[in-house]
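Novice: Each chain, letter by letter, is given below.
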Amino acid sequence: MSLFSTLQRRRVFPRANSVRGKLIGIVLATTGLALVVAAIAMLTYDLSTFRKSWIADLSAEAQILALSIAPAVAFDDHDVASRNLEAMQARSAIRIAAAYNLDGVLYASYTRSSQDPAPPIVPMSYTGAHVEGGQVEFIQPIVQNGERLGFIYLRAKDDVRARIATYSGIFILAILLGMVVALLASVTLQKGITEPLDAMAKVAHQVIDHRDYSSRVGTFGRDEIGTVVAAFDSMLDEVQAREATLRATNSALSSEVAVRIAAEAALRDADRRKDEFLATLAHELRNPLAPIRHAVKLMEVPAATHTQKEWSRQVISRQVQRMALLLDDLLDVSRITRGRLELRRSPVTLSALVAAAVEAARPLIEAKQHSLSVSLPEEPLELDVDPLRMSQALSNLLTNAAKYMDAGGSITVTASLSVQALTIMVRDTGIGLSTAVMPHLFEMFSQVESAIDRAEGGLGIGLALVKGLMGLHGGSVTARSAGLGQGSEFELSLPVSAVRIKSNMTPTVPTAHAAAPSPRGRLLLADDNHDAADTMAEILSVMGHQVFVGHSSQEALDLGAREHPDAIILDIGMPDMSGYEAATRIRGQSWGVRVLLIAVTGWGGAADKEKARAAGFDHHLTKPVDPEEIETLVTRFLRSRAP
Amino acid sequence: MLTTAKRERILGTVLAAVFWAVLCGPRTAHTTEMPEQDEVEAAYLYRIAGYVDWPESGGTHRDFTIAVMGSDAVLHALQRLVPNHTVGSLPVHARRLKKLDELGTAQILFVGPELSDELKSLVSRVGNRPVLVVSASDHGLSDGSCVNFLSVDHHIRFEVSLTAAEHSGLKVSSELLSVAVRVQGHGK
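Just so you know, the sequences run in chain order R and S.
Per my numbering, the first sequence starts with residue 1, numbered consecutively.
Per my numbering, the second sequence starts with residue 1, numbered consecutively.
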């Protein structure tokens, strides 16, 4: 490794391509150039003055020689003249010296060496100096006492080359010395330029190598470099700010992506739950079919006893009711989802509502031998809600509580009125809820998975239905649980605007079994399906009503005209005449104006209901029709008509 | 062993010397012998004046006089030479002297060969007056003259007596002494 590269690495000598190197190069080049120009100028001047002074010296020499040789010439002494000329030996520049007399005849001469030419035979016509080809000839007259005696001739060598060589050596030394001094001075002086540049380069390296935009160069005066440094720093500020913005945007984007992924996962989850729901639905619909089929087969056996037939009938009835409830829930949820469910608000007392709900859930509660305690506020409260839907919501909660609890559990219903809301709390000691299921508890098709295998089954739409119903009422439902096996709490909340405190109230709640024996009515039932018509007629008869049965629209009209029933239940889809037309005709009869008209169809859409209403129906029921429902409607109608 | 170049240079030098001798030799000899002896002596008399200092005499001299005794040829030569010539700032005159009494304020007295025998008495009569006595005798200096002309190899030379010069209160320049054949007194 050479010494230079070692020194270079130690930064004694800067790299040639660095700014320091370039500056030093500029300084050395300009200094060197200036010194060379100065040297040439000085050399030129010196040479010219040297030649002049040299010629002047030569002239003086000639004059002295002329004076000293004058006596020898004056007294015609050749020997002395020759001796005088030989004195020129001491002057090495003088090669030839000669003396001539006045007639131009060579008198005496001196020649330094044999290589020098002989003196001219006749001196030149001029006096003074004559320079020619590096030689100087000089003619000086010899004058004594005003008398011209002859001439001195001198010939000398103008040794310019030797002088140039000498001078060049001196100048080269001076230039080298000057450049060394300039180098030292520039190394010191250029710090003002290179220091900010070095600092800037360092920061730039940091930016490039580490993507670190936080470091700054700092302040370096107000000159151009200072301005550049300041601009560089403010540029870094800008870059840093932009980078921060970019980062923020990126994180916002990634969080948005996360949200979208979560949404996608939720969608997939919903899709999965829908598939599970369909499977469950199929299962749930199919479940009741087996006992029904068995019961029917049993009834078809001729040897079946009455008790066996009665048992079979009860099995069928129970299973059908279960299916109907299932489908009702399903339809309701669907209606709520599509915003098609309309509330029929009417005043109802809280106690009546709770009683109705308890009544609906009672069979299951009793079957599993749960204990039930109900605690209501002391003052009578009247609610402005849809009684049917509110009790449906509450009974759903009660059914759930009974369902997801091992036999012998306890259910507590507590209602309380605060300034903001009326809350009804249903608490159980059942299997509880894990925190994982909490977020999706009220979504459609969600069913507590651990509960799927339970005997009770279910579609997982009950809580979604409750939430939808409460939402329609301007209220809400919330769930709490201390964890699996810790029981759970569900709380219904209604805004106080829907609550009134009533001083004296009379129970008007349609609780099927709560009131005194229902007034018995005369009912006309028309359905082209004989089995459906006959079984329904049987049930209604059992309930204490007098029932007339027709199997076509015409029959219904005839029977109505003859029997003047209190209520007519019409199947819409009869072959001879549609139920709508039949209803219109009935309303056209004197006996039919005030009769209670109930439509029964397989289609539960809003349009169907509207069509039924337009045709004159009071109510619209979807198949399969629960006899209890008809019983409720008829009882309410009869009561309202009663004096 | 000589190289060709050196041999040629030597040959050139020899040829040049021969040529020089042939061309210049006869002319030089001719010109040195051309002037008459009297004319040379006249010119020397005048030129010698340039190398001698006379003592100050209160600015009484209005001219520079060369007195000549015993040589009309020299006198005539001088009289042809000196018009329009000066020594210092003084115009030069040449005058014949019949008797020493006529010397006057002359600065130089030339005693020609015709009066060589009287030289000694003439010198003594001049005494210590500031007069440069120049003679052309075989025993000039011993007779007391200051400068004496001789003939050496057909050339006119001269000898100088510093004793005589000092006696007369004159100062002779060393330049003059450098071309003198002989200098007497004060050892040279």
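Derived by calculation from the structure, the hints in this document are not laboratory data.
C-beta atoms are modelled at their ideal positions from N, C-alpha and C, and glycine is treated no differently.
Mixed in with the good hints, there may be bad ones.
[Claimed, not checked] Label pairs and their computed distance ranges (CB to CB):
id, chain 1, residue 1, chain 2, residue 2, range
1, R, F50, S, D72, 26 to 34 angstroms
2, S, D72, R, G133, 52 to 60 angstroms
3, S, E166, R, R163, 50 to 58 angstroms
4, S, V181, R, T49, 24 to 32 angstroms
Novice: Taking the hints in turn, state whether each one holds.
Specialist: Going through the hints against the structure:
Judged by the Cβ atoms, the range 26 to 34 angstroms given for F50(R) and D72(S) is violated: they are separated by roughly 59 angstroms. A C-beta distance of roughly 56 angstroms is found between D72(S) and G133(R), which places it inside the suggested range of 52 to 60 angstroms. Checked against the given bound of 50 to 58 angstroms, the beta carbons of E166(S) and R163(R), roughly 51 angstroms apart, stay inside it. Between V181(S) and T49(R) the beta carbons are some 47 angstroms apart, a value that contradicts the proposed interval 24 to 32 angstroms.
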